[in-house]
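Visitor: In case you want the letters, here they are:
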Amino acid sequence: MDEKLIEKVMQEVMKRVGADAPSETKPAPEQLENRIPEITEDLVQVTEFVGVGLGDTMGIVIANLDPTVHEIMEFDKKYRSIGVIGGRVGAGPQLMAADDAVKATNTEIIRVEMPRDTKGGAGHGNLIIFGAEDVSDARRAVEVTLDVLPKYFGDVYANDVGYTENQYTARASKCLNYALKAPEGRAFGLILGAPAVIGMLMVDAAVKAADVEVVGYGSPAHGTSMTNEVFIWVTGDSGAVRQAVISGREIGNNLLGAWGEEPKSMSKPYI
Amino acid sequence: MDEKLIEKVMQEVMKRVGADAPSETKPAPEQLENRIPEITEDLVQVTEFVGVGLGDTMGIVIANLDPTVHEIMEFDKKYRSIGVIGGRVGAGPQLMAADDAVKATNTEIIRVEMPRDTKGGAGHGNLIIFGAEDVSDARRAVEVTLDVLPKYFGDVYANDVGYTENQYTARASKCLNYALKAPEGRAFGLILGAPAVIGMLMVDAAVKAADVEVVGYGSPAHGTSMTNEVFIWVTGDSGAVRQAVISGREIGNNLLGAWGEEPKSMSKPYI
Amino acid sequence: MDEKLIEKVMQEVMKRVGADAPSETKPAPEQLENRIPEITEDLVQVTEFVGVGLGDTMGIVIANLDPTVHEIMEFDKKYRSIGVIGGRVGAGPQLMAADDAVKATNTEIIRVEMPRDTKGGAGHGNLIIFGAEDVSDARRAVEVTLDVLPKYFGDVYANDVGYTENQYTARASKCLNYALKAPEGRAFGLILGAPAVIGMLMVDAAVKAADVEVVGYGSPAHGTSMTNEVFIWVTGDSGAVRQAVISGREIGNNLLGAWGEEPKSMSKPYI
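Chains as they are written, first to last, in the numbering used here: chain A, 757 to 1027; chain B, 757 to 1027; chain C, 757 to 1027.
Bound conformation, chain A alone (with noise of 0.2 Å):
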């Protein structure tokens, strides 16, 4: 009986404080994949929706953009059709699954914006643009990005203070090129800590692991829109590349530890 009530006191609880409040800093696996809702039947009026995922990311498609928005976003008359990646947690991981989407079909990146955001946390948000002359193509990247960004969380670990964020491509392509400048149809690796202070240390450890060759750097005040984090991207042989990541992602999770919490992967490591 007493359990009863409990599980009768939670759930009003849970009601009036919103359950998933603090969710970014908590991202633990289960409650991440609990906020990918079922589509909605009201839903079905909008004819431009794709998907949401991880990351509270959302996936549209617009068939015949309006020219006046072409003309304000100073977009090419040519791409008709767009589809828009947009989200409040991460940019990284939807960097990559739209690197992977831009591979997979003809489409272009036409814009990459990255807000400071995740909704209270140390980071980006994101929002992605592709270009495409047939809707068809438009569609198709952005379900490809929905479809893989799942796996792109699989290498970022939070707990209540932080995270590291670790992704790995032997292939960089055109949206990494186009957001990072990494050179397309080599090896990238992303090696990245928040708070700042943790992101040093697996940078270090990253470029002492391997030898790689450091394409840029992000901090609070340098390429970055003031998030709380440090990070570098690396090309070089895929081998090293891997290395690298994977000895920055390894100090950088004991090192977020010592908040007390273990770091946990948002979905399934990948590297």
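Just so you know, the hints here were simulated from the structure itself, not pulled from any lab data. Be aware that one or more of the hints could be misleading.
Note: identical chains are not told apart, hence a pair may lie in one copy or across any two.
[Unchecked claim] Derived lysine to aspartate or glutamate pairs resembling EDC-like cross-links, with alpha carbons at most 20 Å apart:
(1) K964 / E827
(2) K859 / D903
(3) K930 / E889
(4) K964 / E830
(5) K937 / E827
(6) K834 / D893
(7) K907 / D856
(8) K964 / D832
(9) K964 / D822
With the hints as your guide, set chains B and C onto chain A.
Guide: Only chains B and C this time, still in chain A's reference frame:
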């Protein structure tokens, strides 16, 4: 008896977790109303205090601003008195309300600044300063702003993930002109969605729905403080402007609902 | 029996909603103390780890920074060792503490960056880097910073909506000079309120209260990372500087209390 127990537990829980902590992302109307506190006795001691309002907004008046402050902030010294509006959540509602206030009083807008804020949400906070030669004018401007502020939260619709903000006036005045270069005396409409992906669709729908002139646009990397928003503001025939706003609002709220929760007005819709 | 039941429910609820999730906006002293975790065994593995402190702050030391990092971050290579302080909440307390540390050690400040952070709050996080030729100096600087950090949270007063930050030292050193161009060896006072409207009144009260020289100011669009703060920092006769800080603090805390909750010191007041 169980009910009493539940209520007791609830009160304790609410006290400890901070019932309105995630309020920014769940601004149900009743919750927001509750956040306008009664003025306590202590406050009588701060003569500059005028009042508080929705969006964690406060208004104060400084009768004789110290000339040092005029100098460092580069205010014209003829504005001996200033009225100040500042809040954590929202810039649009406060700008609209301040626009009504400059129409109604003998004041000028001498500063508008928009922090990246909304208490962990996707958008801006605000700081709006009225200059006046007479303290009663400055005070009146602040009072009017706080009085009409609830109206302009009426077409802000929010759920756990984001919000749409929709604003309309038949005649823009000096505050909208100062902050957004909106043409004075003409119709003004704001079509805004957060996260940015929501705004992209709203903007396209709005310009398709009515023959309006786009005055400006905002996006995470353009014209905002790196918020996770996309928006336009428009002018033109007042009926067309209103129609554009309504069309953006409709599709934006539907799309935002894809996250499984219907967006709710933060006070009472007025458009 | 009811009491036991309530406690049981409370524990379950706290676990599920994350009791300290809204901690940034409710930094009651006891809560903050609790957030300094015991160093776990695992951490022994990270030799660079020095300690953690208030404001989700961590200190590390890197004995032999990889030359690649010197290059990308443009550090002088003579600083073979670096100490790093980084936190999510607060920039002022960490800057003051690091200022004490450079006074006390043979180190230099080689980088200060301030993300927009505070875990959903109105202000900054921080990244402060000490350069040293010898690792023991770098480590000592980090240790001193963490040791004195609680002191400088003493005159930060916060409630659910915002905070005032008040800092004072009779003799500013190299960290305050590096970050804020505060004159070395002279008195330094910081008068800061968030949201920005609180700061406006504090600044006016401070310069009216004492004959001080304003060295600089910050506001959402000026000299900050788009925080919702207004502040000045001042120099002059040490008694006057202290008086200015105290006057700003008094009116700021009163005004902040208008939101119905008395602001509380985050540790023990020292000014």
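Visitor: Hint by hint, note whether the structure agrees.
Guide: Going down the list of hints, with the structure as the test:
{"no.": "1", "hint": "K964 / E827", "verdict": "between (47 Å within a copy, 14 Å between copies)"}
{"no.": "2", "hint": "K859 / D903", "verdict": "within (14 Å within a copy, 52 Å between copies)"}
{"no.": "3", "hint": "K930 / E889", "verdict": "within (17 Å within a copy, 43 Å between copies)"}
{"no.": "4", "hint": "K964 / E830", "verdict": "between (42 Å within a copy, 18 Å between copies)"}
{"no.": "5", "hint": "K937 / E827", "verdict": "between (25 Å within a copy, 19 Å between copies)"}
{"no.": "6", "hint": "K834 / D893", "verdict": "within (13 Å within a copy, 54 Å between copies)"}
{"no.": "7", "hint": "K907 / D856", "verdict": "within (11 Å within a copy, 46 Å between copies)"}
{"no.": "8", "hint": "K964 / D832", "verdict": "between (43 Å within a copy, 18 Å between copies)"}
{"no.": "9", "hint": "K964 / D822", "verdict": "between (50 Å within a copy, 7 Å between copies)"}
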